[in-house]
Amino acid sequence: MTEPASREAANPSDEPANGAGDTPVPVEEMVLVKRALKGDLSAYDDLVRRYQERIYATIYHMTSNHEDANDLAQEAFIKAFQALRSFKGGSSFYTWVYRIAVNKTLNFLKQRKNKTHMSLDDLDFNAEHDPDLVALISDKTPRREAGLAELQEKLNAAMQKLSEPHRLVVTLHDVQGLSHEEIAKIMDCNAGTVRSRLFYARQQLQAYLSDYLQ
Amino acid sequence: MSQDTENFEQLRRLLKLKRYEQPPPRYFNDFSSQVIARVKRGERGDGYASVGRVLWEAPWLQRIWAAFEAKPILAGAFGLAVCATLITGVIYSERTDLQPVALIPGAEASISGPMDSPMEIANAMAENRTALINPAAGLEGSLSNSLSALPTDGPLFDLRADPASLTIPGRN
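Those protein sequences? They're chains A and S, same order as listed. Numbering-wise (my numbering), the first sequence opens with residue 4 and increments by one. Numbering-wise (my numbering), the second sequence opens with residue 233 and increments by one.
Looking at chain S on its own, in the form it has when it is part of the complex:
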């Protein structure tokens, strides 16, 4: 133990050398003015002022921020996750917004779901083309009930122009 004490005493003397290390002459003359100048410019010790204030008032945020500073790859991974979430949300919202109204029943199935392969896309296009060329074939089944409800003793489209009557209030 006395040997340790003696050895530590030698080390303590050597460590005194550190106290004699000095920055360049007049170094501290400008130090505070440089700090104040940077404060006036709105610089922060790290990150952004508002973020810095929030961090100091929320210790758990400090730990997260410290982890990001210590391991930048964590910050990168976090940013990537946020971007991926945003992109996924945008894509999903666009998909739900699109409510395609299928005028051609045969095309409904082809446009309602995702088409992953070119073959599927080509088949859907072919179906659509067929329906467009021969709409009656597609409409026959769905319209038959509707057509049966229409009166059958007259033309399908009875176009009679009724004269328009305009009544102007206050004038007879």
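Bound-form chain A, shown alone:
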């Protein structure tokens, strides 16, 4: 299993992540899509394997629930397969599937409304060695006795307090490293809206997590 944490940590800023966006679809990817359209499920299996971790991660960060993320991620890929004929290649397959997954998750969250039930994934052991995170639980922080597990719970609870659009921009930009423009395409809005939502969401999170920030 790869380490999405390190991959995402390498792209914390505005650079596009992993080929998403308006870049032309790699030839190999289109070949897989065409084969899948002809009924070659091994080709589609290949496509799923390429993007399963990122799609799962996005949905998980939005729901803070592993089981829901599992179901929604699978359903997103199934739905993408059923709608494969409508994929024209104008954007990357990843962006296209991403959009399906995001819309599906937003619809799910609307139905769930405020009935949040967190089922958090475990933290990778490398988190304990991340200097930024270690600094957060050092003697200088107001809640110095807080461990990483508590930080994780408080962070997820704070994320769940955000509205879905604000949670989504934080997930896509600050957690997964997508650019404002890519996020705008996924959310079907302009980059300015993305920036303003991001600013507001960060302010909200700061207020919720003030005890854990210097």
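Mixed in with the good hints, there may be bad ones.
A few chain A residues facing chain S, derived, Cβ under 8 Å [as the list claims (entries may be wrong)]: (1) Glu56; (2) His69; (3) Gln77; (4) Met121; (5) Ser122; (6) Leu126; (7) Asp127; (8) Ala130; (9) Arg205; (10) Leu208.
FYI, nobody ran anything at the bench for these hints, they're computed from the structure. Where a beta carbon is used, it is the ideal one built from N, C-alpha and C, also for glycine.
We have chain A already, so just place chain S on it with the hints.
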């Protein structure tokens, strides 16, 4: 502004924690095979495959479907409206199909229109009973003109049996 930047920097560091959240070990080993298995079984991401394809090719349908997913009560109300329309159509078509032929003139009015109350039904039944008991009373007015057209110098029913003649072609 620098305070905001600094505060956001702290928050950005905290948000890095999210990147270290991982699903159970070997979780992704089976993920794609589960997706493919569900695809083979014919499962859809939502709803039905043919409906899903239509939805993706008609954005306005997507919006309606999304509204139904977000608010199931809308879907219920829509279904109820469709059922009510169907039932109304069936009832209306049955009513127009029924063209009752009133053999007893007095009963025509009673059976042509809706009878809403038991009293009306009872009155109609009473009228029908009267007409059946004394058909002459009901027929008198309507048949008088017809009867006058008949020849009056003979019996009303002149039954004479004419021998049947059969002519078989080719045999004389």
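Results for each hint:
Interface restraint check: glutamate 56 (chain A) against chain S, minimum CB-CB distance 6 Å, threshold 8 Å, status holds. The interface hint given for histidine 69 (chain A) is met, as the beta carbon of that residue sits about 6 Å from the closest beta carbon of chain S, less than 8 Å. Hint status for glutamine 77 (chain A): holds, given a least beta-carbon distance of 5 Å to chain S, under 8 Å. Taking 8 Å as the C-beta contact cut-off toward chain S, the hint placing methionine 121 (chain A) at the interface is violated, the least distance being around 11 Å.
This hint is violated: serine 122 (chain A) has a C-beta 11 Å from the nearest C-beta of chain S, more than the 8 Å allowed. The interface hint given for leucine 126 (chain A) holds, since its Cβ lies 5 Å from the closest Cβ of chain S, which is under the 8 Å cut-off. With its C-beta approaching chain S no nearer than about 4 Å, aspartate 127 (chain A) sits inside the 8 Å limit, and its interface hint holds. Hint on alanine 130 (chain A) holds. Least Cβ distance to chain S is approximately 4 Å, under the 8 Å limit.
Taking 8 Å as the C-beta contact cut-off toward chain S, the hint placing arginine 205 (chain A) at the interface holds, the least distance being around 6 Å. The beta carbon of leucine 208 (chain A) comes within 6 Å of a beta carbon in chain S, closer than 8 Å, and the hint placing it at the interface holds.
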